[in-house]
Structures are given as C-alpha cells and as structure tokens.
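A.B. asks: Construct the complete structure from the given sequences, taking the supplied hints into account.
Chains A and B supply the protein sequences, listed in that same order. In terms of our numbering, the numbers along the first sequence are unbroken and rise by one, the last being 672. In terms of our numbering, the numbers along the second sequence are unbroken and rise by one, the last being 487.
Note that these hints are calculated values from the structure, not bench results. Misleading hints may appear alongside valid ones.
To be verified - So these bits of chain A aren't anywhere near chain B, every CB distance computed over 12 Å:
id, residue
1, LYS13
2, GLU14
3, TYR218
4, ILE271
5, GLU274
6, TRP296
7, TYR378
8, LYS546
9, PHE576
What the hints assert, rightly or not - Here are a few chain A residues that face chain B, going by a calculated C-beta distance under 8 Å:
id, residue
10, LYS515
11, ALA519
12, LEU532
13, LEU552
14, ILE555
15, VAL565
16, ILE601
17, GLU637
18, MET658
Beta carbons are placed, not taken as given, at the ideal position from N, Cα and C, and that holds for glycine.
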Amino acid sequence: MSYVFVKPGMSPKEIVQRVRDLPGVAFVSVGMRDAGQSDYKNRHRIYDLKTLAPFYNEMGLFSAECHGGARWHVGIMNRRESPFEEINLLRELMPKVLLQTLIRETNMWGYRPYPKNIIEYVVERVDIDVWRCFSFLNDIRNMKTVAEVVMRRGRLFEPAISYTVAPWFDTKYYMKVVDDIVSLCGGVDEIILCIKDMAGVGTVQSVSELIDAIKQKYPGLVVNYHRHITDGLAIPVLVAAAKAGAKILDVQEDTLCRFYGHAPILAVEAILREEGIPVNLNRKLAELAVEKVRDWIRDYEWAESPFKGFDHMVTRHKMPGGAFPSSFEQAEKGGFLHLMPAILQVMSLYNQIVKYFDVTPGSQITWVTSSGIVNRYYKEYGESGVQRVINLLRKFVEDKRQDFDGMEPEEREELLQLFRQAPGDFKNLILGHYGKLPVGWPSEWVYKSAFGEAWEEKIRERKETSALENVPDEDLEALRKQLEEELGRSATEEEFILFLMHPKDAIDFIKFREKYGLAPLVLPTKVWREGLSKPGDKVEFELDGKPYSIELVSIGSETEGIIHVVLKVNNKTRVFEVATPRAKKVEAKRAVKPNEIGAPISGTVWRIGNPKRGGLKPGDIVHKGEEIANLESMKMENPILAPFDAQIVEIAVRLNQMVEEGQLLFVLKPLQ
Amino acid sequence: MSGEREIRKVLIANRGVPAVRVTHTARDKNIKTVAIYSTPDRLAYHVLSADEAIHVGEAPPHDSYLNMEKIVKAALESGCQAIHPGWGFLAENANFAEMVEDAGLIWIGPPPQVIRLMGDKIRAKKIAQKANVPTIPGLLNVNTHEDIVKWMAEEDVAFPILIKAAAGGGGKGMVKVESREEIPIALEKARSEAKKSFGDDTLLVEKFIEHGRHIEVQILGDKFGHIVHLYERECTIQRRNQKILEEAPSPSLDEDLRNEICFTAVRLARELGYYSAGTVEFLLDPKTKKFYFLEVNTRLQVEHGVTELITGLDIVSLMFDIAQDKKLPFSQEDIYPNRHAIEVRINAEDPRTFNPSFGTITRLEIPHGPGIRIASGIYEGADVPPYYDSLIMLLMTTGSDRREAIRVMDRALTRGLRVEGIKTIQPLLLSIIRHSEFVAGNFSTKFIEEHYNELISTFRERTTDDEVLKIARYVAEISALGPQSWM
Numbered sequence: 001m002s003y004v005f006v007k008p009g010m011s012p013k014e015i016v017q018r019v020r021d022l023p024g025v026a027f028v029s030v031g032m033r034d035a036g037q038s039d040y041k042n043r044h045r046i047y048d049l050k051t052l053a054p055f056y057n058e059m060g061l062f063s064a065e066c067h068g069g070a071r072w073h074v075g076i077m078n079r080r081e082s083p084f085e086e087i088n089l090l091r092e093l094m095p096k097v098l099l100q101t102l103i104r105e106t107n108m109w110g111y112r113p114y115p116k117n118i119i120e121y122v123v124e125r126v127d128i129d130v131w132r133c134f135s136f137l138n139d140i141r142n143m144k145t146v147a148e149v150v151m152r153r154g155r156l157f158e159p160a161i162s163y164t165v166a167p168w169f170d171t172k173y174y175m176k177v178v179d180d181i182v183s184l185c186g187g188v189d190e191i192i193l194c195i196k197d198m199a200g201v202g203t204v205q206s207v208s209e210l211i212d213a214i215k216q217k218y219p220g221l222v223v224n225y226h227r228h229i230t231d232g233l234a235i236p237v238l239v240a241a242a243k244a245g246a247k248i249l250d251v252q253e254d255t256l257c258r259f260y261g262h263a264p265i266l267a268v269e270a271i272l273r274e275e276g277i278p279v280n281l282n283r284k285l286a287e288l289a290v291e292k293v294r295d296w297i298r299d300y301e302w303a304e305s306p307f308k309g310f311d312h313m314v315t316r317h318k319m320p321g322g323a324f325p326s327s328f329e330q331a332e333k334g335g336f337l338h339l340m341p342a343i344l345q346v347m348s349l350y351n352q353i354v355k356y357f358d359v360t361p362g363s364q365i366t367w368v369t370s371s372g373i374v375n376r377y378y379k380e381y382g383e384s385g386v387q388r389v390i391n392l393l394r395k396f397v398e399d400k401r402q403d404f405d406g407m408e409p410e411e412r413e414e415l416l417q418l419f420r421q422a423p424g425d426f427k428n429l430i431l432g433h434y435g436k437l438p439v440g441w442p443s444e445w446v447y448k449s450a451f452g453e454a455w456e457e458k459i460r461e462r463k464e465t466s467a468l469e470n471v472p473d474e475d476l477e478a479l480r481k482q483l484e485e486e487l488g489r490s491a492t493e494e495e496f497i498l499f500l501m502h503p504k505d506a507i508d509f510i511k512f513r514e515k516y517g518l519a520p521l522v523l524p525t526k527v528w529r530e531g532l533s534k535p536g537d538k539v540e541f542e543l544d545g546k547p548y549s550i551e552l553v554s555i556g557s558e559t560e561g562i563i564h565v566v567l568k569v570n571n572k573t574r575v576f577e578v579a580t581p582r583a584k585k586v587e588a589k590r591a592v593k594p595n596e597i598g599a600p601i602s603g604t605v606w607r608i609g610n611p612k613r614g615g616l617k618p619g620d621i622v623h624k625g626e627e628i629a630n631l632e633s634m635k636m637e638n639p640i641l642a643p644f645d646a647q648i649v650e651i652a653v654r655l656n657q658m659v660e661e662g663q664l665l666f667v668l669k670p671l672q
Numbered sequence: 001m002s003g004e005r006e007i008r009k010v011l012i013a014n015r016g017v018p019a020v021r022v023t024h025t026a027r028d029k030n031i032k033t034v035a036i037y038s039t040p041d042r043l044a045y046h047v048l049s050a051d052e053a054i055h056v057g058e059a060p061p062h063d064s065y066l067n068m069e070k071i072v073k074a075a076l077e078s079g080c081q082a083i084h085p086g087w088g089f090l091a092e093n094a095n096f097a098e099m100v101e102d103a104g105l106i107w108i109g110p111p112p113q114v115i116r117l118m119g120d121k122i123r124a125k126k127i128a129q130k131a132n133v134p135t136i137p138g139l140l141n142v143n144t145h146e147d148i149v150k151w152m153a154e155e156d157v158a159f160p161i162l163i164k165a166a167a168g169g170g171g172k173g174m175v176k177v178e179s180r181e182e183i184p185i186a187l188e189k190a191r192s193e194a195k196k197s198f199g200d201d202t203l204l205v206e207k208f209i210e211h212g213r214h215i216e217v218q219i220l221g222d223k224f225g226h227i228v229h230l231y232e233r234e235c236t237i238q239r240r241n242q243k244i245l246e247e248a249p250s251p252s253l254d255e256d257l258r259n260e261i262c263f264t265a266v267r268l269a270r271e272l273g274y275y276s277a278g279t280v281e282f283l284l285d286p287k288t289k290k291f292y293f294l295e296v297n298t299r300l301q302v303e304h305g306v307t308e309l310i311t312g313l314d315i316v317s318l319m320f321d322i323a324q325d326k327k328l329p330f331s332q333e334d335i336y337p338n339r340h341a342i343e344v345r346i347n348a349e350d351p352r353t354f355n356p357s358f359g360t361i362t363r364l365e366i367p368h369g370p371g372i373r374i375a376s377g378i379y380e381g382a383d384v385p386p387y388y389d390s391l392i393m394l395l396m397t398t399g400s401d402r403r404e405a406i407r408v409m410d411r412a413l414t415r416g417l418r419v420e421g422i423k424t425i426q427p428l429l430l431s432i433i434r435h436s437e438f439v440a441g442n443f444s445t446k447f448i449e450e451h452y453n454e455l456i457s458t459f460r461e462r463t464t465d466d467e468v469l470k471i472a473r474y475v476a477e478i479s480a481l482g483p484q485s486w487m
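C.D. replies: Structure below.
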C-alpha cells in the first residue's frame, strides 16, 4: 500500500482534511533544508540532497522542507546554486512530495523588510506547495501579504508561532498569537499551524500545555511541532507533542543528526510506535534514505560547527539551531572564537532586556549586538573588561530585576553607553521598523543608551504599525533596469527575483554562473571543493543527455602568478591558465564618464590630432566634430571626433599604441 | 609550348588563406612552392604548407608583403619561374606585375596594362561606357567638397552618395555620405584610407543605389583571345562594404538577366583584351532590374571557390595554364553549373561589433562530411596577428539547390566548425543563413544593418561543448588553487 497521502496540486482544504484523517502523525523531513542549516552552514549541495528524492517520493512524508531560510542566500553566495534550479530538480525527482519553504514574513529570504510590491511579486512566482511563515516578533500583521498571495494561489499557508520558553512568553501569550493567526487566515480549515521551537527549548510540560490549549480552543486546527535538539531533550518533547495532539512533527535523517538540527527520523518513528501512536511512514524507504546520506555526508566535515556537543545552556542564551553554525563561522573568521562563551552569556542577559525571538533576522540582531558589545570590551579592557560587562548585566538583570535606578551612578553611566554603537538594525528594531515587539517596547534607558540625547525624539518616531505599512513600494521596472545594466543583457525572471532578495550577491552569482556554467550542479562535492588532485583523477557526468569526462593530466608550478593546468576533456587535452592571487593585473583604464573618450574599436592609434592642425597636447582646445585621433584596425580608419567643444585634460595613449575597445583615449573638459 | 614558359616552381606573394589556396593547386600540378613571410608569420600555416619559405621583412605590410623588390629578388634567388599574387596585397598592383615580367618571371594574372587601366576607376568607367556597359551616374574626379555639391546640383543627384578611391577595391577607401555636412570629413577619410591602402588618393563619387544587390561575373580568358564566363556570384551580404557571404548561382536573377549580365561581362573583357581570371562586378537595382558596372577585379577573387564548386573547374589551375600560354581547354557551351554553392568568410572579429580579434587559436575543429569545402589559413595553435586581414578561413558548402546548400552550411556551422581562443563571426553567419529573408532570397547589401538586432538576438545562447569547458575551467582553477574562502 502507498504511504503517499498528500500531493502537489491538492487544495489546501483537502490537504488539511487528509492530515486530520490520519490515524496518527506524519513527518516533515527537514533533511534538505534545516538539517543542513543547523549543523552544516547550509552547505549541503543539491547534487547530494537529490539522492534522497526517490525515497522521499514514496516515503509518505507530509512535506519536504527544501527551500527558504538561509538556504536561498547561502545557495547563491556559497554553493552557487539557484533555489529555482533546486525546485525544478526536486519536482522532477519527487513529483509526489509537497515542497516546503521557510519564509520570514516581510523579511522573506533576506534580512530586511521588503516592501509589499516586492513580496507580492516574488511569492506569486516561486513554485512552492507549503509556505511555512514566521515572524520573529510574532507580529502576525506582518504575514498578511504572504498569506494573501499564497492562499490566492491555492497553495498551503503554514503560519508559525515563534516559540521559546521564558516567563513572559506564557501559554496565554501564545494563545493570543494563535487567535491572531486564525483570524488572519479566516479559520482553521485551510492552514496548518506550526509551533517553531527554533532553539529547542520547549519542555514536555510547556509544549503539552500549549498544544492542549490550542486543541481545546481550535479542535480542527492541525498542529505541526518543529523542534531543534540543542538541549538534548528533543525526543521526549516530540512524543509529548504528539500525545497532546500535534499531527505533524519535523525530523531528519538520523545520519544527518549532529547537535543543532532535528530529531532522527527512525528513532522518533520507533518511540512513537512503542507509545502506540501510528506514524505514516514507509520505514523501509526511510532506512534507505538514512543509509544514502552516508554516501556523501563525510564530504561536509569541513562545514560542521566547530562548537560540538549538545548544550542544555541553550535554554538560557536561546540561540536557535539555525543560527548556531553561522555565528560560530563568523566568530572564527573574525578571530574571536574564544569569546563565544562570553557572547552566549551576554546574549542570555540581552534577550531579557529587549524581548523578542532569536530567529532570523532577530537572531542576527542579537548576535551582532551582543558580539559587538563583548568585542568592544575585549578590545578596550581585555578579558577582565569582558567579565566586567557580564557582571554588570547580571547584576542589572538578575539582582536588580532591571531596576535602572537601583544601579550605582557609574553603572548607570556604563549601561547608557551599552547600545551606543549597536548596529543600525538594532536601532531600527526598537524603533518599530520590523513591527511591534512581542511584549512591549524596551525601557527608556535602552533608547537613551542607543540614541543619546535624541532619545525622546526617537521614541516619538517609533512606529506601532506593521512593517508592511512602514516600507514604501519600490520601482520594479527601475530595479530590473539596474540589474540588466549590471549584466549587460536582459535578465530572466528568476535572475530578477534573486536580485530582488540579495542585489549584490545575486549579481556575483549570475556572473559566476556565466563563467563556470553548471559546475555547481554536476560536480561531486569533493571535486567541487578540492578539484582533482592526482594525475589520472577524473570526474564524469552527463550534460544535455551526453556523457562527459574531465581528467587531470598535470598541474604546473606557479610562474609569475600563473599556473598551467592540463586537463583531458572527453579525451582531448586542454591547457588552462589559472591566475593565482599573486597574478599581476594589468588592466587598461576604461572610459566610463561622459567627458572621457574611449576607443570605439580595438586598433592602433596611428594619429593623434588631425592633418589640418597637427598633433594635440593637454591644454589644447578642440571643437565639436573635430577629429582628435584616428584608429586603424585591419586597414580601416576610424576617426575619433570631439563630442563637444572642450579642452584636453589628458591624452591617455601614445602614438602607435594598440588599444582595446573602450580603452580611455582622452579626458576632456567641456568649454562653457 | 616553349620550355621557358614552363612553371616548375612558383613564389606565392601572399599569406594566409590565399597563399594556402594557391599552394594546394600548385601541389596538384606538381609545381614546387615558395612562401614568403613577415617576422610575426614565421610559423604561419602558409609557411608550413609550402616547400620553401623566405623571410621578406617585418610585420608592417609595406615592409614585407608589399615589399616588391624583396619579393622579386626572393623569387629569382629561389629559382622560381613565376609569381602568383593570390588576392589582396600586390594582386592588383600593375607596377609589381610589370616588375615581375621585367625580371623575366611569369606573372600569373592578367596583363599589367589591364590591371593599371582597371585600377583607375575613372578610366575603367569610361571604357565600360565605350563597351556599352551601363554605369552608375557619378563624378569621375573629385578634388574638393564643392565639386561634389556642384555635381549633385547639376545632375540632380540626391543623397546618399558614395565616395570611392579611384584605385580602390575591397571596400577600403569607400565612404557613404548621407548629408551635406558629412562631406568634408568623409572626403578626408576616403582620401587618407585611399592613400594608405593604395598609395593613390584620387577619388570619385557616385550615386548610391539603395537596396542594391552585388552581382559579379567570373571571367576567364587565354592569351589567344578566347574568353568565357563561369557564370555569376551573388555577393550582396556585406558588412562595412566587405563581403562575408557569397553564393552561386545568384538567387536574384532569372535566366534572361543572367545571360545578359554574363555576356555583358564577356563583352567588356573582350574590349579590354583580358586574359587570366578576373571578375566583373555589377550592382543590380532590384526595383528596376537594371544593372550597373562597378569595377573589374583583375585577380583571383576570395569567393572564386563557389564558382569552382558549381562548375567543377579549378580556376587557379587554369590561371597557371594560361600563364604558361596554354589555350582554354573548353568553350562556353561546355560550362554549365549543376548545383548551388555558398561560401562564408570566417573572419577573426567580434560577431557583434566586427572589432578585430587576434591571439592564439587554442582549439580548431574543422567541419567535414558531404558537401563541405574548407580553405583555411590557420591551424590549431596558430597566432592571428593584428597586422593583416581578419580572414582566417573560407567555408563552402554545396547542394543540389540553394535550400540544400544552406542546410549543409547550417550543419557545418553548428556541428563542425569550432574556433577557440579568438572570436569569429561564426554566430553571425549562422544567424544570417537561418534568417527567413535570407532563406527567401530577399536581401540587399544593407541586410546586416537592417536586421542587425534580430540577427544578434538569435545568437545561440549556449552549446554543450561550451558548457563543458566552463565546468572544466572551474575544475582547473580549484585543482590548482584548492578550496576557496567563498565556499
């Protein structure tokens, strides 16, 4: 019998009903997205992930989370894969599986609030079945545009409540968020509710209580519990969630499990079975998928977090699984990995002062702000300074229960400097640019600290509206033109969407792919990362239905910044010149400004000036239409005419010099 | 035939495609060949193809391939009996032809006095008029721009007009003028180019026939007054006044017009006392079906190959025979074309801008299969130096009719020819032969300008071979440099 119970093309209503009708629970596999994000910095390549698709296709999953979050950005920036290519591949390889994205309401797949017209434009054009959408502020108003477009398209909207455990985020608080969601989505029949426990801190008691409350108030609402495993307690809490009435649980292949991702699929299936809760899963295929991961997972050891091991302290600092590896990566690159324990302590105190959820982009704001504070103290006062600021914050938060006036005057002074150099995003956050903070604005001293004397004025500017209303629409046609100018050609729809999300990185990505083609999609990970090492090593792949082979013959030694690499490409020897970072870059200056005259073609400057007046030198006056130089190319003459009356500022070429098309010839100063 | 007129060894006063072309036939005729070369051409294909090679000077043409004394001296010292000039360089230089003959060598080409006469566009036009060959209204000697203005007023000529070098050919020294304001600069440009290319800055001006088609007739004569034509070629597809695609027979002509043009050409050749191979060029006004004499090319043409393909004759071989005082072995009625042939010029140029592209040919794959003929001036690994003509290869295809010849050309351009390391106009040529108006035979000399954007937009975005090379480049870089920080 087939385990497939939901499929792309079904209406949201039908999907919801099928989940309700399940005797037990179903799984979302996050193996293609969050698993990679949490423990491998999103470096899992579609080349490897796609090997799981044939199993997923028949396994009976509710959905495969394979898109969104930081996978989009890391895809174009680091893996050089487009999320559109991934969708196309997966549609082909697992046509029976609902593809799921994770989208950050107005922040979408980027790190800033996008205007409404960009949100609409993009959401309308991305072929995803299940849209899991969260707000790091639980400001449900921010989800409105995504919800409308997704529901209008007949795709399934899965609003998520950002979940953590803190005294001020109690069940009553979350029930208010659920009410907002149900009211936004017009009921419970066409949505699935996700509880997004992104740090993995929910306890058996807290999660059971919340799900129970939801089921009592909204018995028809299907609940999906998403929980990271950082605290080491994921499995009992997942079991509790299922017992309380969650119908969908997030899991991943056991072989992908490290410390910050999700619970192992086979283990969760086994314990639920023992507990008498049926799981809609073809266990045999799930085992094969788990096995398949071993084929390639060792190629990603380099991408694993350097901070290994479960960490129950996550219940204090609350850094989400998804943010863990990227934070450590930044700390390592920035040379302050040794400050991580201190940063985590500051984070745990910081998030009691400014209360929101540490998930993108909130987690980045927390990270940049807290790591900034620690780094600043470390630079100015060394280790002892770091200890001092931790002690100061601990006294303020824990001993004085955030009673600002209860602190000593010099401590107050120090607190008032705490956020002065905080990043712009932190300042935007407390000014309401992202939406309303979940349990109210921070105390006044935080504004004084961030803005100094302007604090009162800034508080008056603070917005109470949704981010959707705060960001004005952008001119899409102008943006498209900007991209096309940058590329020097027309852009495809998909390129334009990449550009809307991450302008600079999208251009880098497109240029990379223009140069290296399908390399990111066809090369095995080891070759992608390290190349071929020994003569005779080869890589084989298929392209456009034909077999190809690239074999290493030799790598030469470096001479003047150039290494010659000899490859056999389908048995034909080819030599590639590879420039090392030491290669000399001799680039001719190019004419770019209106007053700079460039060569219209490549050729030889055989005359500067004209026969009537002879040569030219800087300072000479030339008149509009006057010939100022002549290029010869393959025996054709090409006069260069002065475009306006001008004085010559610079002659950038010598007589009889070879020039390239576009190379700077003259700099002129227009005469008034 | 006297022993003195027998050619056992020939010096080929050229480089690249024409030199290699002549070498091929010389080899077929068991005639030894001597190539000449400039310093940058030391390892050029024409040098490697010949039996011997002599260095004649540095890169600039006037120092090497136009260095007449040195070339004649090289021929004498290497024991040649004859010089074949190919096309371009000294092929239409009457002084050189005379110098060759005065040195006791055989000049493989038409009589020097005919070259001189036809090299002067003004006298050529007068002779054409005398032979009842229709000519374009024009002014035969231009000194100042006032001359042009006056002529236009007197003859009631409207813009555009064309200023040409009297000594010119091959599009050099030729400038189209659209308005009165442009005349002075255009005149200066034409004069300077004429001086540089032909050493003579005499200019003439003519009315510019819009949408004209360029039709030329191949003629062949022996030294006994026997002159035949080998039918016409259509050379209308041009860029910057230079042909890039030629075909035979012309799709523009019906049988009557064809006969009329061909016999007009023969009549003119007779009037001139022509021998050897030559071409009479005409401009056909498609509206009126009138044709006008343009010029006579007193040499082997680049595009002679299409005529060879449709007639089965070897024109270069016949030039050798005629130069050795042999009679033409056939008469007009023996010649009948029995298929269609197309030639494209593979120029080392950017296909969008026509800017010359030079450098090393890192990879060369040459098309083959039924109906394909290649005349190449390069090989894999060869350098294309910046000093000379951009032509690197001629690619010709045949078929029983035009449609078939086009199909074969499509195959040759997409499934065979591959030039790496430099840019060529290959993508443009493919766009042209696939363009519906070209296929229908509706085009003028402005075809490329008129359809430029369309042609460019149909350049193929990607081929699997290119894609694999991109992947290989990535593998090469990472293999040499190791994991990158951006990963």
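A.B. asks: Using Cβ atoms only, decide whether LEU532/A comes closer than 8 Å to chain B, and label the hint accordingly.
C.D. replies: holds (5 Å)
A.B. asks: Verify that the Cβ of TRP296/A lies farther than 12 Å from every Cβ atom of chain B, and report whether the claim holds or is violated.
C.D. replies: holds (16 Å)
A.B. asks: Double-check MET658/A for me: the hint is only fine if its C-beta lies closer than 8 Å to a C-beta in chain B.
C.D. replies: holds (7 Å)
A.B. asks: Far enough from chain B: is every CB of that chain over 12 Å from the CB of PHE576/A?
C.D. replies: violated (4 Å)
A.B. asks: Is the Cβ of GLU14/A farther than 12 Å from every Cβ of chain B?
C.D. replies: The claim holds: GLU14/A sits with its nearest Cβ about 41 Å from chain B, beyond 12 Å.
A.B. asks: Should the interface hint for ILE601/A be scored as holding, given a Cβ-Cβ cut-off of 8 Å against chain B?
C.D. replies: For ILE601/A, the interface hint holds, since the closest Cβ of chain B sits about 5 Å away, which is under 8 Å.
A.B. asks: Does GLU637/A pass the interface check with chain B, least Cβ-Cβ distance below 8 Å?
C.D. replies: holds (5 Å)
A.B. asks: Mind verifying the non-interface call on LYS546/A? Its CB should be farther than 12 Å from each CB in chain B.
C.D. replies: violated (7 Å)
A.B. asks: Once the closest CB in chain B is found, is it more than 12 Å from TYR378/A?
C.D. replies: Consistent with the label, TYR378/A stays out of reach of chain B, its closest Cβ about 24 Å off (over 12 Å).
A.B. asks: Checking a non-interface call: every C-beta of chain B should be farther than 12 Å from the C-beta of GLU274/A. Is that right?
C.D. replies: holds (43 Å)
A.B. asks: Looking at TYR218/A again, its CB stays over 12 Å from all of chain B?
C.D. replies: holds (46 Å)
A.B. asks: For the hint on VAL565/A, does the least C-beta distance to chain B fall short of 8 Å?
C.D. replies: The hint holds - VAL565/A has a Cβ within 8 Å of chain B, the shortest such distance being about 4 Å.
Of the numbered hints stated above, those contradicted by the structure are hints 8 and 9, listed in ascending order.
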